[in-house]
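Can you make the complete structure from the sequences, with help from the hints?
Residue numbers (the numbering used here), protein chains in the order written: chain L, 20 to 527; chain X, 20 to 527.
Everything hinted at is true.
For identical chains, the list gives no copy identity; a pair is met inside one copy or between any two copies.
Restricting the straight-line Cα-Cα distance to at most 30 Å, the calculated cross-link-like pairs of lysine-lysine (DSS-like) are:
(1) K405 with K332
(2) K112 with K499
(3) K48 with K308
(4) K432 with K21
(5) K274 with K113
(6) K317 with K395
(7) K332 with K122
(8) K432 with K48
(9) K451 with K130
(10) K112 with K274
(11) K130 with K118
(12) K451 with K48
(13) K432 with K451
(14) K395 with K332
(15) K88 with K499
(16) K274 with K31
(17) K112 with K265
(18) K246 with K178
(19) K31 with K112
(20) K499 with K274
(21) K178 with K317
(22) K451 with K122
(23) K122 with K317
(24) K178 with K390
(25) K434 with K21
(26) K451 with K308
(27) K112 with K122
(28) K308 with K118
(29) K434 with K48
If you are wondering where the hints come from, they were derived from the structure by calculation, not from laboratory data.
2 protein chains.
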Amino acid sequence: MKLTVRLLDIEKRGVLIHNEDARNLGVLKGDRVQILNAVNGESTAAFVDTTSTILVPGNVGLYRNTNEKVGFNEGESAEISESGRPVSLDYIKKKMNGKRLTKDETYSIVKDIVSEDISPSELMAYITATYINTMDMDEIEFLTRAMVDTGEQLSFHTKPIVDKHSVGGVPGNKISLVVVPIIAASGLKIPKTSSRAITGAAGTADLMEVLAPVNFSATEVQQMTQKVGGTIVWGGATNIAPADDKIIIQEYPFKIDARGQMLASVMAKKYAVGANLVVIDIPVGKNTKVVSVQDGRKLARDFIELGERLHMKVECAMTYGSSPVGHSIGPNLEVAEALRVLEGDPEPSSLIEKSLSLAGIALEMSGKAAKGNGIKVAREILESGKALLKFKEIISIQGGDPKVSSADILPGKYKFVVKSPVNGYVVDFDNKGLITLARMAGSPQDRGAGILLHAKRGTRIEAGDPLFTIFSERNWRLNKAVEEGRRLMPVLVEGMLLARIPDDIKWE
Amino acid sequence: MKLTVRLLDIEKRGVLIHNEDARNLGVLKGDRVQILNAVNGESTAAFVDTTSTILVPGNVGLYRNTNEKVGFNEGESAEISESGRPVSLDYIKKKMNGKRLTKDETYSIVKDIVSEDISPSELMAYITATYINTMDMDEIEFLTRAMVDTGEQLSFHTKPIVDKHSVGGVPGNKISLVVVPIIAASGLKIPKTSSRAITGAAGTADLMEVLAPVNFSATEVQQMTQKVGGTIVWGGATNIAPADDKIIIQEYPFKIDARGQMLASVMAKKYAVGANLVVIDIPVGKNTKVVSVQDGRKLARDFIELGERLHMKVECAMTYGSSPVGHSIGPNLEVAEALRVLEGDPEPSSLIEKSLSLAGIALEMSGKAAKGNGIKVAREILESGKALLKFKEIISIQGGDPKVSSADILPGKYKFVVKSPVNGYVVDFDNKGLITLARMAGSPQDRGAGILLHAKRGTRIEAGDPLFTIFSERNWRLNKAVEEGRRLMPVLVEGMLLARIPDDIKWE
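Here you go:
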């Protein structure tokens, strides 16, 4: 059926069809149709919304994300037809029924995830099915390769290409801003793609964006890496392993991160940028994604096995994940802290030592440092100022201002200092509580929002001593965060610890 | 935040917010907000779409299904605020993790399904989780009661109230049009709510709508039943167990019907209409929902146990489900066939005997017939013409024309007779293939579309003899169905059976 296009600038996918036309097409609200632009030959599937008044019969409304695929101008003619049920739904059902998926079946599903030929609900059925009926390593390998092959890939002429990943869940984990410059300054290439915060206070991409643009195509990432040795960009803009972003959005309300999908997601991104040496940071501890050392070892073995199947050398480092890394949480606060470390500040040691350990592993894997000597070489690169220079080259090539210094990056102007109600030792941090507060204060959208911690674990505190400061760019957000902060009290001083255990603490 | 309402007549739920307002509210596309109408006090949660052009900042677009809950007029002022994450998501996750749900947790989920406080994706996660991690009978009882309590209920002053249900999957199953009039003519009350076809060729509600309106409120159903003893209405309009419809829509793409949900869905509808005597027809056979007699027995035991928990007396009848019931598939063809039986036609016996068996069970359960005498009493009611008279009363009270006769109900004017390519015996029907053809021809939307079978199982056929006729209201649909019919050949004659087994037959 030929219908006249009306562009609907709503940021979603789908088509809006008049009820009369829907009847003639034989489709109902929620069904899928095929849309063809006969002029440019582009076509896509889309789900149907219906109306009786917004459109006249003979017109079809295209929401923005759908029109991006077929490129119509207002008033042009679209060919709309009933669309079949994608066969990938049968494979999802197969997984729901507890069967293993073959390579071809996995590819079919991932292809349809990327093209959005399956709906968010259908994707959620796949995610839930693989969460419950866990994938074996063959299936994980298929998923990884399918994620790689359905997106962009970099291809460098020389090896090694290094990459680094931190399994999430630890607030304040700005180490990529220190690790990437050290590795690149050593002469290695590290085209780092990173994520924005979904449930966290700031992803590495959110941090880097404080200093420079982070939206680049895969080709641009490759060119920049060839020129200066490293980049820190947002993976979402590169179209590398795009299936992963769509999966993550669906997982978000449930805060799940199924092991198989996590392995595939991480390794697909590394494989797609051409990395052959990969360091993976696995923070372990209460309130992180990996609770015990035993679980951490198992996850590490899985990463290494998957790496071997993909011909990548993987080393994993289990790190202490029960406390935030450094003292800051939230974009500007974290960027300033990382810049200070690159500028020579000897504190915070948790940030410096973790960064050097991970960079050191990469230096040893690549032969830039002798076995056992990696941290020392990394420290020399950091302390010599070479890492700072390299970081400024990276900022510059991404279009930021290389003259930036830590003093330029300021937190929000509204702040509130939370003081200890009791005397005692700082015994615990609640990672999720800290992240919740930072987000209530405005992180990551409001870059000045965040938390600055004043007390380290084990410090002796007197009643009235400052525990942490909440920063915000807006007063009403600060007030909300302060109110919630009093309830959550995410920095725990010994004397009050037992009082904070009851059920009303809802961090999960 | 106060925003001015713009009504968007798109048949879906949600709000459209300008990106600037979304930023100030602290919400992203896909997040949920609370919408309050301060004038009438109504409020609802809704998911956010965003735009930069369709609205100006300060305005909020309300899609139709969302505005139905809060009742704004164009230009009024809505209070929009960030909405928390519903706690039911934690319970869904609990089920994903293989735990049992309590009564309160189940109620919380069902409440949010009905109010649409959880998204279709989140609902799909629940459905997938309960499909894989099956519910035990306690959980099924909780789900049933929650479905009942979140919708309308009928309450009759006298008992018994009878109800009848057929587990689906058998094409042409128009028996309710015969069973309900027989039961009502015996003096019993049977307020039958029924469904429209989702994957089938015609649901009972689609059939009845050929003769009379089927959209009534629960109160109207009760009043009509009190007056004439029976109704045949569409359950979706009554708001009885509304959670079920929302679940079924999500299950549709996967063609799943998890046992626990099916039990809860059926029994919730019976419980909610006040039924205390329930007959359940379980068609058993290849290509039905219940493949073996053993599975059928197990399902029957489950229905009976769930009934006991709800203080309802349940009897189940396993019936032969491998062939269509009667000779017709599709709304008008089926209605005409059922009317002919009520008018005294002695054929088709499969329809008559099945209807009498089920009606007979209800008559025996209620004491209207002695044990072992039910079929006989039912046959007397049918053959005396009392069932036809009662059916006309039902048609009349629902607003249809009681003077209707089977001769008035005509199939579509386009038709094609499919002939046997070989000599041999009719050995099999492919239920799913028949349904597919009827749907391609236009069923159930086009009431004249459908299939008329000419040959019964076991009949001797010569090459060139008619096997079945496809009817359609539109020529292009007929052509499509004929083409597909040649490929599927859903009536199998011995001589060609082996040739139809290869993989290219894709009925599932």
